[in-house]
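From just these sequences and the hints, can you work out the full model?
Now for the letters of each chain:
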Amino acid sequence: MTIDRVIREFTGVGSAAAFDEMAQVALGYQYARTAAYRRYCDALRTPAARRALAPRARNAAPPTSSRQSAFLSPAGLPVFLPVAAFKQAAVTAFPPEEAEKIFESSGTGSGLRSRHYVRDVSIYERALAANFARAFGTGPFLFALCLPGYAEQGEASSLAYMAHFLLRRFGAAGSGSILGAPERLRRLAEQSANDNIPLMLFGAAFGLLDLAETASFSLPAHAVVVETGGMKTRRREMSRAELHGRLREGFGVSSVCSEYGMCELLGSCYAREGGVFYPPPWMRYWIVDPARPFEPLEEGREGALALLDLANVHSASALLTEDRAVRRGDGFEVLGRLAGAELRGCNFLLEDV
Amino acid sequence: MFNLLKRIAAVAEAALAWRDPDYAARANAAEETLRARNAFTEEAMAFAANQQMALLTEEALAAWIRDRRAATPASVGTLNAGNVPLAGLQDFLAVVLTGHRYLGTVSSKSPALLPAFVRDVRRFAPDVEAAFASLPDVLARADALVATGSDETIASLRARIALPPDRCLFRGHSFAVAALDGAERADAYERLAEDMLLHEGFGCRNVAVLWAPRGLSPDGLLDALARFRGVFPAHEGTPGRLAMQRALLEAAGASHAYGEGLEFLLSRGEPEPQPPGHLRWVEYDDLAEADAWLAERPVQLVVAEERVQKRLAFEGLCVVPGEAQRPALAWRPDGVDTVDFLSALGGSD
Numbered sequence: 059m060t061i062d063r064v065i066r067e068f069t070g071v072g073s074a075a076a077f078d079e080m081a082q083v084a085l086g087y088q089y090a091r092t093a094a095y096r097r098y099c100d101a102l103r104t105p106a107a108r109r110a111l112a113p114r115a116r117n118a119a120p121p122t123s124s125r126q127s128a129f130l131s132p133a134g135l136p137v138f139l140p141v142a143a144f145k146q147a148a149v150t151a152f153p154p155e156e157a158e159k160i161f162e163s164s165g166t167g168s169g170l171r172s173r174h175y176v177r178d179v180s181i182y183e184r185a186l187a188a189n190f191a192r193a194f195g196t197g198p199f200l201f202a203l204c205l206p207g208y209a210e211q212g213e214a215s216s217l218a219y220m221a222h223f224l225l226r227r228f229g230a231a232g233s234g235s236i237l238g239a240p241e242r243l244r245r246l247a248e249q250s251a252n253d254n255i256p257l258m259l260f261g262a263a264f265g266l267l268d269l270a271e272t273a274s275f276s277l278p279a280h281a282v283v284v285e286t287g288g289m290k291t292r293r294r295e296m297s298r299a300e301l302h303g304r305l306r307e308g309f310g311v312s313s314v315c316s317e318y319g320m321c322e323l324l325g326s327c328y329a330r331e332g333g334v335f336y337p338p339p340w341m342r343y344w345i346v347d348p349a350r351p352f353e354p355l356e357e358g359r360e361g362a363l364a365l366l367d368l369a370n371v372h373s374a375s376a377l378l379t380e381d382r383a384v385r386r387g388d389g390f391e392v393l394g395r396l397a398g399a400e401l402r403g404c405n406f407l408l409e410d411v
Numbered sequence: 110m111f112n113l114l115k116r117i118a119a120v121a122e123a124a125l126a127w128r129d130p131d132y133a134a135r136a137n138a139a140e141e142t143l144r145a146r147n148a149f150t151e152e153a154m155a156f157a158a159n160q161q162m163a164l165l166t167e168e169a170l171a172a173w174i175r176d177r178r179a180a181t182p183a184s185v186g187t188l189n190a191g192n193v194p195l196a197g198l199q200d201f202l203a204v205v206l207t208g209h210r211y212l213g214t215v216s217s218k219s220p221a222l223l224p225a226f227v228r229d230v231r232r233f234a235p236d237v238e239a240a241f242a243s244l245p246d247v248l249a250r251a252d253a254l255v256a257t258g259s260d261e262t263i264a265s266l267r268a269r270i271a272l273p274p275d276r277c278l279f280r281g282h283s284f285a286v287a288a289l290d291g292a293e294r295a296d297a298y299e300r301l302a303e304d305m306l307l308h309e310g311f312g313c314r315n316v317a318v319l320w321a322p323r324g325l326s327p328d329g330l331l332d333a334l335a336r337f338r339g340v341f342p343a344h345e346g347t348p349g350r351l352a353m354q355r356a357l358l359e360a361a362g363a364s365h366a367y368g369e370g371l372e373f374l375l376s377r378g379e380p381e382p383q384p385p386g387h388l389r390w391v392e393y394d395d396l397a398e399a400d401a402w403l404a405e406r407p408v409q410l411v412v413a414e415e416r417v418q419k420r421l422a423f424e425g426l427c428v429v430p431g432e433a434q435r436p437a438l439a440w441r442p443d444g445v446d447t448v449d450f451l452s453a454l455g456g457s458d
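For the protein sequence lines, the chains are A and B, in the order given. For the first sequence, the positions run 59 to 411 when the working numbering is used. For the second sequence, the positions run 110 to 458 when the working numbering is used.
Careful: at least some of the hints might be erroneous.
Pulled a few chain B residues facing chain A out of the computed Cβ check, cut under 10 angstroms [stated by the list, open to error]:
(1) Thr347
(2) Ala366
(3) Gly370
It should be emphasised that the hints constitute simulated quantities derived from the structure, not laboratory data. A virtual CB, placed ideally from N, CA and C, is assigned to each residue, including glycine.
Below, the structure is given as structure tokens:
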């Protein structure tokens with residue numbers, strides 16, 4: 059297996075064994091080429107780090123072993139690079155100036171923006187198209203995009219890029235943005251009903267919420283509403299269940315779908331309903347202890363969401379997110395931001411709330 | 110109407126007993142606390158208990174409360190953090206000494222210290238109404254609330270409670286900042302080390318970001334941090350947390366230094382607070398840069414020598430090195446006087 063073959067075939071990966079083989083090749087390639095990832099892995103192998111990370115529980119695995127791949131823990135998990143690395147370094151397996159595109163995070167939180175240098179946008183587009191088709195079919199759909207903030211970020215927003223790409227790929231004539239023009243959503247809803255083309259309302263969570271609260275809509279029965287971008291509204295944070303409840307009511311639909319993605323990740327996950335995300339075959343996820351992410355937490359325990367995404371082939375595939383999540387069967391539910399648990403100050407525990 | 114002087118005497122009497130590390134109630138609570146899942150060490154816990162109990166004299170308590178008391182008692186819910194030992198003690202005292210009923214949560218991180226002290230106060234003053242309950246119970250029964258948390262936790266609370274805003278005291282997350290001018294002596298660094306590393310950096314009064322004139326060597330501070338760890342050993346979980354932080358700095362090629370056993374970590378870079386125990390060293394050309402930054406951040410207090418304080422425009426709490434972990438009885442978290450808030454509350458009965 060070569061890295062070129064991984065790039066060509068990752069969206070068609072058909073078995074766990076094939077995924078494992080591709081992951082091994084991708085991680086090896088990144089360890090060799092992505093300096094930031096290699097430095098991270100190597101720093102965890104120093105004697106001081108190995109002592110510091112030595113397991114306190116008798117049956118826990120040590121963090122990494124000097125006798126095996128630098129990018130794998132003895133428990134078989136990849137060494138996950140914290141997504142914060144994208145704020146501090148060019149996480150690339152190639153010279154950054156050769157990037158076809160640079161995606162930036164929206165800059166919420168600390169203020170520093172993550173930058174993801176994308177060597178080959180066609181890899182991203184293949185992953186987007188294949189994942190969307192798996193979740194919703196190939197359409198066509200009448201897309202109604204609602205991306206306040208992200209649209210203003212323009213080309214640097216991976217979310218805006220994704221939405222416009224999906225519109226071009228799966229959109230029927232008449233699809234477009236409804237930003238600042240709620241009456242356009244009504245017209246698209248009418249067109250959808252008349253032409254029997256499913257309506258796909260795709261938008262940032264807070265944008266959809268604003269829309270649902272400024273007017274009421276009754277979308278056609280086959281309409282699909284997909285929210286993304288987290289649960290932080292411009293006014294306050296809310297639970298996903300509360301958000302979906304308001305969106306269902308506001309748009310007159312029976313369910314709301316979610317998309318999970320970030321600029322550091324070229325893959326994404328969809329939740330058809332209920333907020334449980336299922337990764338595509340070229341992604342795998344684990345719930346891990348954020349302080350010791352070298353082995354998975356047992357089922358039912360909350361932890362940090364860690365992902366391995368083969369689409370991230372030219373940056374870093376194994377990422378430790380800052381999202382708090384829990385396993386739900388074969389999928390995962392995102393419960394909020396992990397950072398809150400480590401904030402200074404007299405925070406009461408998330409477990410208590 | 111309750112007798113304030115009797116309550117003050119009861120608190121002072123309990124505190125007097127608690128000044129003895131071998132006092133059974135304190136020793137048992139400390140032992141139980143060390144078994145909980147937290148970042149407490151025996152040394153840091155003893156420091157916090159000794160420091161806070163020493164403040165609770167009858168004179169000091171009377172001077173703090175003065176004549177501020179509630180016209181009618183309310184059930185005041187307080188959500189106790191448990192991130193540092195005895196967090197929530199000031200809230201408990203403020204509630205019962207202004208005449209309210211206390212209803213607190215117990216953090217799983219610190220399940221024993223505050224409840225044990227409250228039990229002792231009630232032993233000396235049985236009329237003090239104080240109880241601990243689960244979070245849902247506290248939220249259901251309280252008719253006023255004191256809580257601290259991240260945006261996420263406060264948002265979650267706001268959605269769950271039906272209390273009007275003027276009956277809730279919410280405090281945001283915060284941290285402390287230090288400012289140097291380069292003329293600090295070795296003993297100032299020693300005291301700064303305590304401000305930074307005590308409680309493994311988890312307190313809202315822990316210094317997380319340090320502004321230093323460009324070109325100043327951090328060696329003096331690093332020596333002091335290492336010496337501090339000789340007296341206050343790191344919690345066993347601290348090196349593990351810092352190992353990943355250090356690896357991330359390596360990944361980014363960022364300048365940093367650390368203790369031999371990863372008991373502390375100092376990095377040079379942008380003025381962004383890092384996870385607890387990881388200190389950020391920020392260089393300035395003009396101290397006004399620090400001032401501009403301070404104005405935009407949730408800073409609990411600034412640690413600086415008096416001559417540096419005079420050069421800062423920061424209007425919040427400023428203390429000299431070594432005072433960050435020794436809060437006065439009357440200190441006002443987030444600049445809000447808890448006793449003022451509580452004494453202005455009307456009751457619901």
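Tested hints:
Because the smallest distance between the Cβ of threonine 347 of chain B and any Cβ of chain A comes to about 8 angstroms, under 10 angstroms, the interface hint for this residue holds. Because the smallest distance between the Cβ of alanine 366 of chain B and any Cβ of chain A comes to about 12 angstroms, over 10 angstroms, the interface hint for this residue is violated. Using the Cβ-Cβ criterion of 10 angstroms, the hint placing glycine 370 of chain B at the interface with chain A is satisfied: the shortest such distance is roughly 7 angstroms.
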